[in-house]
Amino acid sequence: MATLLQHPGYEEEKLQKVAEKLLCREIQAGMLLLLMGNPQQYSYPSVFIYGHRSSGKSHLMHILLQELELPHATISCVECVSVALLFEQVLLSLFGCDAASLLPRSPSLSDFVRIYRQQCAQSPAKQTRYIVMEKAELLRDMDANLLPVFLRLQELVEDNVTVILLSEIVWDKFRPNTGCFEPLLLHFPDYSKGELQQILSKDCHPSYSAEFYSSYIKILLGVFYSVCRDLRELRHLAALNFSKFCEPLEEGKVKESDTHKLWRNIEPHLKKAMQTVYLREVSSIQWEEMQQMEEKETGAVRGLSAHTHVELPYYSKFLLIAAYLASYNPARTDKRFFLKHHGKIRKTNFLKKHEKTSNHLLGPKPFPLDRLLAIFYSVVDSRVAPTASIFSQISSLVTLHLLTQVGHDDQLDVPKFKCAISMDFICAISRTVNFDIVRYLYDFL
Amino acid sequence: MSKRKVKEAHLPIGECISQVQRLLRERLCHQQLPEQPEGVEAQHKHLQELLRRTAVHGESNSVLIVGPRGAGKTMLLKCVLRELLEETEVQKNLLQVHLNGLLQTDDRIALKEITQQLHLENVVGDKVFGSFAENLAFLLEALKKGHRSSSRPVLFILDEFDLFAHHKNQTLLYNLLDVSQSAQAPVAVVGLTCRLDVLELLEKRVKSRFSHRQIHLLSSLTFRQYLDQVRAQISLPDGFPDSKFSQDWNAGIKTLCEDKLVEEVLQRHFNSSKDFRSMQMLLMLCVSRVSVAKPAIKPADLLEAGRLCFTDAIANMLHGLSILELCLIIAMKHLDDIYEGEPFNFQMVHNEFKKFLQRKSYSMYNFEQPVIMKAFEHLQQLEMIRPVDGSAAKLQREYQLMRLMLDHSQIMEALQKYPQCPTDVKQWAMSAFG
Numbered sequence: 146m147a148t149l150l151q152h153p154g155y156e157e158e159k160l161q162k163v164a165e166k167l168l169c170r171e172i173q174a175g176m177l178l179l180l181m182g183n184p185q186q187y188s189y190p191s192v193f194i195y196g197h198r199s200s201g202k203s204h205l206m207h208i209l210l211q212e213l214e215l216p217h218a219t220i221s222c223v224e225c226v227s228v229a230l231l232f233e234q235v236l237l238s239l240f241g242c243d244a245a246s247l248l249p250r251s252p253s254l255s256d257f258v259r260i261y262r263q264q265c266a267q268s269p270a271k272q273t274r275y276i277v278m279e280k281a282e283l284l285r286d287m288d289a290n291l292l293p294v295f296l297r298l299q300e301l302v303e304d305n306v307t308v309i310l311l312s313e314i315v316w317d318k319f320r321p322n323t324g325c326f327e328p329l330l331l332h333f334p335d336y337s338k339g340e341l342q343q344i345l346s347k348d349c350h351p352s353y354s355a356e357f358y359s360s361y362i363k364i365l366l367g368v369f370y371s372v373c374r375d376l377r378e379l380r381h382l383a384a385l386n387f388s389k390f391c392e393p394l395e396e397g398k399v400k401e402s403d404t405h406k407l408w409r410n411i412e413p414h415l416k417k418a419m420q421t422v423y424l425r426e427v428s429s430i431q432w433e434e435m436q437q438m439e440e441k442e443t444g445a446v447r448g449l450s451a452h453t454h455v456e457l458p459y460y461s462k463f464l465l466i467a468a469y470l471a472s473y474n475p476a477r478t479d480k481r482f483f484l485k486h487h488g489k490i491r492k493t494n495f496l497k498k499h500e501k502t503s504n505h506l507l508g509p510k511p512f513p514l515d516r517l518l519a520i521f522y523s524v525v526d527s528r529v530a531p532t533a534s535i536f537s538q539i540s541s542l543v544t545l546h547l548l549t550q551v552g553h554d555d556q557l558d559v560p561k562f563k564c565a566i567s568m569d570f571i572c573a574i575s576r577t578v579n580f581d582i583v584r585y586l587y588d589f590l
Numbered sequence: 526m527s528k529r530k531v532k533e534a535h536l537p538i539g540e541c542i543s544q545v546q547r548l549l550r551e552r553l554c555h556q557q558l559p560e561q562p563e564g565v566e567a568q569h570k571h572l573q574e575l576l577r578r579t580a581v582h583g584e585s586n587s588v589l590i591v592g593p594r595g596a597g598k599t600m601l602l603k604c605v606l607r608e609l610l611e612e613t614e615v616q617k618n619l620l621q622v623h624l625n626g627l628l629q630t631d632d633r634i635a636l637k638e639i640t641q642q643l644h645l646e647n648v649v650g651d652k653v654f655g656s657f658a659e660n661l662a663f664l665l666e667a668l669k670k671g672h673r674s675s676s677r678p679v680l681f682i683l684d685e686f687d688l689f690a691h692h693k694n695q696t697l698l699y700n701l702l703d704v705s706q707s708a709q710a711p712v713a714v715v716g717l718t719c720r721l722d723v724l725e726l727l728e729k730r731v732k733s734r735f736s737h738r739q740i741h742l743l744s745s746l747t748f749r750q751y752l753d754q755v756r757a758q759i760s761l762p763d764g765f766p767d768s769k770f771s772q773d774w775n776a777g778i779k780t781l782c783e784d785k786l787v788e789e790v791l792q793r794h795f796n797s798s799k800d801f802r803s804m805q806m807l808l809m810l811c812v813s814r815v816s817v818a819k820p821a822i823k824p825a826d827l828l829e830a831g832r833l834c835f836t837d838a839i840a841n842m843l844h845g846l847s848i849l850e851l852c853l854i855i856a857m858k859h860l861d862d863i864y865e866g867e868p869f870n871f872q873m874v875h876n877e878f879k880k881f882l883q884r885k886s887y888s889m890y891n892f893e894q895p896v897i898m899k900a901f902e903h904l905q906q907l908e909m910i911r912p913v914d915g916s917a918a919k920l921q922r923e924y925q926l927m928r929l930m931l932d933h934s935q936i937m938e939a940l941q942k943y944p945q946c947p948t949d950v951k952q953w954a955m956s957a958f959g
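Just so you know, the protein sequences line up as chains A and B, in that order.
Number 590 marks the last residue of the first sequence (my numbering); no jumps.
Number 959 marks the last residue of the second sequence (my numbering); no jumps.
So that you can see chain A by itself, here it is in the shape it has in the complex (with noise of 0.2 Å):
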């Protein structure tokens, strides 16, 4: 497996360790060094790297350049808020920080392109040095001018020097309008299944075995495969979730041959993780606790989504029903669901079949405040005089996120709102008051 990487140009005790290191990527890394070369030769000018997160292209480049001992400059383009910032990375890794002390405040291109051609004329490259920028789709935000600069680097600071672009978006979505040097493109395929079992199981404990814990990876995998199969989420999720699966096998209850109970105990715990970790709801070190703690008292730990459900004033909370009513209640139904004499309203057959026009899909409408205040009267049970103080219950749920306001603050006419709140939210309030809302929704009669 080690001899699959070989190049006259570079060491073969360093190519063995860089082969060790990796896993599964042998065929993107041959092809890195056939692209790269002899050090002392020329590469092509730019290099685009695609592929998912996760697979493995920082870890390689990173690897690939340490071992081989190459000079390179490694930047993430998250860190590079201003293009000073990136000038003074690239200078500080391929010429030290004499280099980059010589770029003036706010420096242009022009001033980063004719330092390093100094500094290029005064240490001419060895090697083919290397400038890696990792997510890379953050340069279409910054300068127009910069992506098509570090694509053709090498021609305009006449250096043996070779750009590579690392990023999950695709080439075509990169392009200027009138067209650029374009890059060589390599994608870095996902990871198959067999694969990512291979990686995680590398991780495993010492003191188990590594057949116990590549059972452990598959269970896990047949969980969470369907949903996600990216390596850091699923590291992530095994190292969490690994105590819980040993718990039955330390309590001396079940042997580790036992597959299937062991399965049993650990599946519905999985599927619990995939409500909250996977979706951050509750932090990594919450969960461990929860995993402490007897069955019964894992009620008692909050997610995040938990805390957005406020306690709110009685009038506040038919404040929301009614704006949750005239949001997603057409006007003309309000006759028919709030007036004590009514007629029938007909539904038409065009209407039925449409489901599109079902306000649940397309979203909260904007609605009056008199319209508000309307159904609020006849929402409430008991006779409610119009106060200052119903009118700052309105504008605190503004505050809260719970109401949006639509158009201009100073406008002449009534103010509108929107609600924001999911059915379930509203479904939750409406029982606390014993208010059956259903009964009034358009959309369900």
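Honestly, the hints are just simulated from the structure, not real lab data.
Keep in mind that the hints are not guaranteed to be accurate.
Claimed, not checked - Listed below are the simulated EDC-like cross-link pairs for lysine to aspartate or glutamate, each with C-alpha atoms no more than 16 Å apart in a straight line:
1. Lys510(A) - Glu923(B)
2. Lys318(A) - Glu908(B)
3. Lys417(A) - Glu893(B)
What the hints assert, rightly or not - Cβ-Cβ distance ranges computed for the label pairs, FRET-style:
4. Asp914(B) - Gln267(A): 21 to 27 Å
5. His691(B) - Lys166(A): 43 to 49 Å
6. Cys946(B) - Gln267(A): 53 to 59 Å
7. Gln945(B) - Leu248(A): 28 to 34 Å
8. Met898(B) - Ser268(A): 50 to 56 Å
Heads up, the beta-carbon is just placed ideally off N, CA and C, and yes, glycines get one too.
Could you slot chain B onto chain A? The hints should help.
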């Protein structure tokens, strides 16, 4: 006199391959200039005459070299300059200033660059000039001092000329072309651009000062000429140290170019783009595979390289999606079909997916809404769906309108290649209406 047989130099095979790689990489990656540029003799002659008139006879000129990307504009200019600089008189006198529209994004920066390239920083010192024209006139005047009464000819090369036309008031262009029209100093302005409509970008006063000389490099290669170019690019020159090796190599290349499969690949390449750069990229992929174990380029290499160049990137990315994300994409495709391309939101897609789960699915699990939302957001990050521009802040995430950026045929193709795709999902995709 003893006849000394010239001993044929034989290098070990590793050394040969290394030399071959070095040579070909310089040619393909580093844009080494060819001995004689092929197919552009008329343009070469025209440009050479023009520059010679400036360099030797002191006449001011301006010219634009226009051609699509990768057509060989910079190569042509460099070849002409190389020939020109072979004359000692020109080499002594001619000054060159290279400006690039991508780097010099401002006239102020451009002026700084001109000052530095003419090595006049010390002369300018801390002077403050009222206008751009004054500054430029001062620079050109400074070139006169200490060198007879006439100024040295200056050659201004403006790469990405069309970007200079976007500067404010086009001051740089105006002043340079003004100098080239008036008899101040012998100045040649050569602009290189990929835009054919570059003259429309110039202001009236700038356009009137331009000589309207354009050299077009529209690659008019026939397929035969293209094949010859390919051969020339990867053949070894006569000066190669090991002559037997280079003969074998060149013979191998000749048979390679006559191979049917190779011709097909090159024809496909030629049909999509005739320019040199894409040819060089294709050949680079082949050359990189040459090693001691495989010391020649085989047709299989070219086939593989062609396949790499034409691979569909979106299909590759679709291959790596999880099955849930793929189902969401199929749901979006159905929505596109039913509502004829109108934008959709998450709730609609979720609804469509739920209908599939209820009626037709037996292998998919009914996931919670937040899990499906996370998959939806992942698709958004991959830019496979994009929000319709509108007020993104005011709407809740579930109701924000999006458009699908994929083509239906791409989705169907990706489904065929998707590993272990459940049959119910495939059938759902192929059915007409959700």
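We went through each hint and held it up to the structure:
Under the criterion of a C-alpha separation no larger than 16 Å, the hint pairing Lys510(A) with Glu923(B) is consistent with the structure, at around 14 Å. Taken as a hint, the Lys318(A) and Glu908(B) pair is honoured in the structure, with Cα atoms around 9 Å apart against an allowance of 16 Å. Of the supplied pair hints, the one linking Lys417(A) and Glu893(B) holds, its CA atoms being roughly 11 Å apart against a limit of 16 Å. Asp914(B) and Gln267(A) have their C-beta atoms about 49 Å apart, which leaves the hinted 21 to 27 Å range violated.
The supplied range of 43 to 49 Å is met by His691(B) and Lys166(A), whose beta-carbon atoms lie about 48 Å from each other. A hinted range of 53 to 59 Å holds for the C-beta pair Cys946(B) and Gln267(A), which are about 58 Å apart. With their beta carbons about 53 Å apart, Gln945(B) and Leu248(A) fall outside the hinted range of 28 to 34 Å. For the pair Met898(B) and Ser268(A), the beta carbons lie near 52 Å from each other, so the given range of 50 to 56 Å is met.
Hints 4, 7 from the earlier list are contradicted by this structure; the remaining hints agree with it.
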